[in-house]
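Trainee: Going by this note's numbering, the first residue of the sequence shown is number 170, and it counts up by one from there.
Check before you lean on any hint, since a few could be wrong.
[Unchecked claim] Once the Cα atoms are required to be at most 30 Å apart in a straight line, the calculated DSS-like pairs of lysine-lysine come out as:
1. 275 / 287
2. 229 / 196
3. 194 / 275
4. 275 / 229
5. 275 / 196
[As the list claims (entries may be wrong)] Label-pair ranges, simulated between beta-carbon atoms:
6. 196 / 272: 14 to 22 Å
7. 277 / 202: 29 to 37 Å
8. 272 / 183: 19 to 27 Å
9. 221 / 197: 29 to 37 Å
Please keep in mind that the hints were generated in silico from the structure rather than gathered at the bench.
By construction, the Cβ of each residue, glycine as well, lies at the ideal position given by its N, Cα and C atoms.
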Amino acid sequence: MDPTPGDEDAVFIHPPFTDFPDAHKYKDGLSYNVLATHPNWFLDPLDYQTVNNGNPTAIKYPQQLEPPRGWCPAKKKELKDGWPEGEEPRLRCTFCRRTYAGVNAKSMWRRHVFEKHKIAMSNRRADA
170 MDPTPGDEDA VFIHPPFTDF PDAHKYKDGL SYNVLATHPN WFLDPLDYQT
220 VNNGNPTAIK YPQQLEPPRG WCPAKKKELK DGWPEGEEPR LRCTFCRRTY
270 AGVNAKSMWR RHVFEKHKIA MSNRRADA
C-alpha cells in the first residue's frame with residue numbers, strides 16, 4: 170500500500186512544495202485539496218518532524234496540507250439516506266494510499282498519520 174521511490178506512477182513532492190507537476194497552474198501552491206485530486210502524488214515522511222526522525226532539516230507538517238475544516242460537503246446525518254455506496258467523500262493519506270470516509274474521517278486520518286507515519290499534526294485548539 171505504501172508508495173516507494175521505485176513506483177513508476179508515484180510522484181513524491183518535497184518541501185518547499187514548489188517543484189511538482191503543473192505547479193504553475195496552482196497559484197496558491199500545494200494544498201491538501203491539490204494532493205487529494207492527484208492520487209499518485211505523495212509526501213515523503215522523511216521530510217517531516219517525527220517522534221524518531223533525526224533529520225535536522227525536517228519540518229513540521231504544514232497546516233495547508235491537512236484536510237481543511239468543513240471538508241465533507243454534507244454530513245451523513247444531513248442526508249436522508251446517507252451517501253450512495255462508493256460515492257461518499259473520502260480523505261486520503263498524503264503519505265500512502267489509505268483513505269477514510271464518514272463523519273469521523275478527519276480524526277481517523279490524523280490518527281493514521283501519527284500512528285503509521287509517526288507525524289503529529291499541530292493542535293489547532295492549542296494554536297488558536
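Trainee: If you test the structure against every hint from before, which numbers come out violated?
Mentor: 6, 7 and 8
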